[in-house]
Structures are given as structure tokens and as C-alpha cells.
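Next come the chains, spelled out residue by residue.
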Amino acid sequence: MDKVYSSAKEAIADIPDGATIAIAGFFTAGVPRVLLKALIAKGVKNLTLACGCGPLVGAPEELAQLVKNKQLKRVIDSYGLYRSASKGAKDPFEQAVRAGEIELRIYPMGTLAERYRAAAAGIPAFYTPTGVGSVVEEELISNIEDQRKKKETRIFLGKRYVLEYALPPHFAFVHAYMGDREGNLRYRMTARNFNPIMAAAAGVTIAEVENLVEPGKLAPDDIHTPGIYVKRVVQVPRPKFAITID
Amino acid sequence: MKFEGLSREMIALRASKEIKDGDYVNLGIGIPTLISNWIEGRDVILQSEIGMLKTGPLALGEGVDQDLINASCQPVALLPGTACFDIVESFSMIRSGRMDVVVMGALQVDEQGDYAGWANPARGLMGVGNIGGSMDLAVGAKKLLITMEHITNDGQPKIVKELTYPATTEGKVNMIFTDLAVIEVTPKGLLLKEVYPGLTPEDIQSVTEPKLIISPDMKEIEL
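Protein sequences, first through last, are from chains W and H.
Under our numbering, residues 5 to 250 are what the first sequence spells out, in order.
Under our numbering, residues -9 to 213 are what the second sequence spells out, in order.
Incorrect hints may have been included.
Said to hold, decoys possible - Below, simulated DSS-like cross-link-like pairs (lysine-lysine); rule was C-alpha separation at most 27 Å, straight line:
1. H:Lys151 - W:Lys163
2. W:Lys41 - W:Lys7
3. H:Lys201 - H:Lys183
4. H:Lys183 - H:Lys7
5. W:Lys94 - W:Lys244
6. H:Lys132 - W:Lys163
7. W:Lys153 - W:Lys49
8. H:Lys133 - W:Lys163
9. W:Lys244 - W:Lys91
10. W:Lys7 - W:Lys74
11. W:Lys94 - W:Lys49
12. H:Lys10 - H:Lys(-8)
13. H:Lys44 - W:Lys244
14. W:Lys41 - W:Lys74
15. H:Lys178 - W:Lys163
None of these hints come from the bench; they were simulated from the model.
Quick caveat: nothing in here was measured; it's all calculated off a predicted structure.
Please model the entire structure based on the sequences and the hints provided.
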């Protein structure tokens, strides 16, 4: 079973307008930037990018281009904006969020992790203690007023919990340190983060790998993402970037 | 009235004394991160929500590896025994109450132990903001410490009767460390335990909205 595609362009060729794509990575670590660049080149629009913790803050050139091309309908994240208010005021993404041109939906990070996990595990929804006593308990947080919805809560053993739903993306873009032709993946240190759970949650997972190896080169005990979750593999150069966010 | 007080580094030093050997600890962005400078060499294990236990000190020069960052996006070093794992594992250990101590910055804390740290309405972002891991960390912490300046840049109290900013969590804060004072959140109210040398309880009260209870053992902050 050979899942290798010759280029990122070929690997994302069937992504349609309106797709929901999970983008792995935590700020600068483990972000699938080659696949993001291919998405920009393809020019598909009306996209929902489902993130975990600021992969687009960690890939500012790609984000600026996606905003400029008006490809984004919605971004889901726990940390989607610059920390610095002055830097944010000049950021094209934040300007589009303020103008209501892009919908930004915010969740606690652990709730997002669990929403992907539920999707990966075939569980439709779950109760979590996170967000109780905050607006998260009462409503979906969004910059678009009519997207705000009340959430259900329930008391278990005297404590209140919030109902959150599985988040199954159509596609996932992940970045791995090593992968074989059959889609088994291994990540490196803190570049692992959201990669394995998004790979498992999506309908079609596309993996960019720094090192492409033959089956058998990754020892069975060293595989983080089993190949069943990965539909396509593309080899990319090891990225180089500045480690910084503002 | 603006009083002279501790620097951010010294607030971090004072808060670091509340961490016991053997504790698993998560430090938020800002003053909390500075605590890592004061616990080097101690038997304390730092968790970073990106997916790391036994997070090492900041890495410099040759030691920088782009696949090894903390949750504030700073390059860090490995230590003997450092473990890396994925985000689901990371938040499972956070949410299920394994963190002995969590230290966070705050925009406001109120006398019920609620705190606000994720959205500043003044930024005018229509209610959205960066939550990150703060709500999971706050809900799962065995002990939640807040480190912050006592008042805002324009002189408003940050310790208030009721939050006016959006809450991160309710009723979870145990202690507040500022440049001017150390305050414990108790069921009866805020207990003033330590003050910056030279300041009186009346001085602290003048920049604090809720009524403070003065501890009978109140003393000057010791570093």
C-alpha cells in the first residue's frame, strides 16, 4: 500500500471550496507549512481551518496570504490572535476578524484537544469541567453575534459540567519528522502536539514528512500515528523558521 | 496613589517559595514564567501544556531546536528524564488534577477567588480572545496562585469585589502575589498576610477594592 504523492499540490488536489481542514501545530512547532502553501496556491475559498493552539500565529506569512486571498470563512482555535494589542491592530487576520469578514470561534485548548479526540474515537459529545464559571459555560464564543449559541450543562455528583461536541474535520494537514510509504508517522519532541489527534480525527489526513522511509524502518514501538489514519504522504524539506510569537 | 514595590522578578521569587519539593507545576505566560529562574536545581517538575514534563531551562545559541519549545513559544532545553507527549495526554493530566501548583497572571481577581485573564474588553475584539490552556489549567489545579501587578497602568485596582472582565474560572484562586502584598483567598474574604517593606495595611487597602482582613501574623514580604 503506497500512499506517497509526488508533491503537496497533488496531495491536496481534491480539496473543495467550503472544506473544513484541521491544521496541526502549536505556534511554530509542527505546523504543516508546505501543505498550507499548496492550499494558498490552489486558491480554494470559504474554508474553515480547525486549529488547536495558534499554528497560524506561528505561520504568519501563510496566514497573511490566506487572508489576502479571501480564502477563509472561519477559524477555530484557542489562541488565534497576537498577544500584543499593538501588533494585533496591524495584523490583517485580526482586522478581518474585527470587520466580521472571518469568523473566529474560540475554545479552551484542552476542550479542543478533546473535541478532536472524540471525533477520532467515534464519540459524538462529552461533558467537561473546563470553562465552568466563565462565558464558555454559557455560549459558544465567536466574533459573529448570531453564531453565539447557548451550551448545555449538567450536574454530576454535585459539580457542573459543559457539553461539548466532537469536531470531525473533512481533511487534516499534519507535519511529521518521519513517515513510511504506508502512512505510519513519528513526530519529534514538542512538534508532536496536535498532530496525532488531528490525524486520527479527520476524514482524509494528509501528512508532510521530513524523512520518508520504507516500511519496516520505523520500529513498531516507535510509531505514534498508525498508518490507518493517514491517506496521503508527501516528503518535504526540513523547515527553517524563527521561533517567536508576539 | 502609586507605591514602590517588588520588581516582576521579585514577585516571581516570592511566589516560588509556595512551591514545595516534589511538586508538579505549570507556569503561565508573563511573571509566572520567571519563576523557573528561581527553582533551578530544586526537585520540582515543570509541565508545559504543549506536551512536555520536566521542561528544561531556556535554550540559547547552539542549543536552540525548533522542535523543542515551551507553551510560550520559547526554545527550551531537555533534562535527564524529560518526557514529550501529545496534546490529549497533556490536557488529560492537567484536567484530571495532577498539577500540584499552577501559577497564572491575571487582569483581575475578585474576593471570591474568581479570576480573569483571557480577554481584555478594552481591546474591543467583540468578546473573542486567547484562552489557550488557561481554563483547563485553572480548573485542574490543586493549588492556583496568581502573580501580577497590584494595580493597572492607569492606577485601577486589579483586586476587585466582582470581576468586570470575562472570567477564566470561578472560586479557584488560593493566593495572590503582587508587587505590594501577599494575599490569601479564604472563605471569609481576602487575608492580607505580607506587605512590601515600609507599607501599611491602610496603604494596601487604598489600592484594593474589597475589604481586606488583616492577618494577626502580618509581616513584611521576605525574599
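Exercise. Would the pair lysine 201 (chain H) and lysine 183 (chain H) pass a check requiring their Cα atoms to be no farther apart than 27 Å?
Worked result: holds, 14 Å
Exercise. Quick one, are lysine 151 (chain H) and lysine 163 (chain W) close enough, alpha carbons at most 27 Å?
Worked result: holds, 24 Å
Exercise. Are the Cα positions of lysine 133 (chain H) and lysine 163 (chain W) separated by 27 Å at most?
Worked result: holds, 18 Å
For this session: For the pair supplied as a hint, lysine 44 (chain H) and lysine 244 (chain W), confirm whether the alpha-carbon distance does not exceed 27 Å.
Result: Given that 27 Å is the threshold and the Cα spacing comes to 26 Å, the pair holds.
Problem set entry | Pair hint lysine 132 (chain H) and lysine 163 (chain W), alpha-carbon separation not exceeding 27 Å | holds, 16 Å
Exercise. Does lysine 49 (chain W) lie within 27 Å of lysine 94 (chain W) when you go C-alpha to C-alpha?
Worked result: Satisfied, since the Cα-Cα distance of roughly 23 Å is no more than 27 Å.
Exercise. Straight-line Cα separation of lysine 10 (chain H) and lysine -8 (chain H) no greater than 27 Å?
Worked result: violated, 33 Å
For this session: Measure nothing beyond the straight line between the CA atoms of lysine 153 (chain W) and lysine 49 (chain W); if it is 27 Å or shorter, mark the hint as holding.
Result: The given pair, whose Cα atoms are some 25 Å apart, holds under the 27 Å limit.
Exercise. Holds or violated: are the alpha carbons of lysine 94 (chain W) and lysine 244 (chain W) at most 27 Å from each other?
Worked result: holds, 25 Å
For this session: Take the C-alpha atoms of lysine 244 (chain W) and lysine 91 (chain W), compute the straight-line distance between them, and say whether it is at most 27 Å.
Result: Satisfied, since the Cα-Cα distance of roughly 23 Å is no more than 27 Å.
Problem set entry | Given hint lysine 74 (chain W) paired with lysine 41 (chain W) - CA-CA distance at most 27 Å | holds, 15 Å
For this session: Verify the proposed pairing of lysine 183 (chain H) with lysine 7 (chain H), using a straight-line Cα cut of 27 Å.
Result: holds, 14 Å
Checked against the numbered hints listed earlier, the structure breaks hints 10 and 12; every other hint is satisfied.
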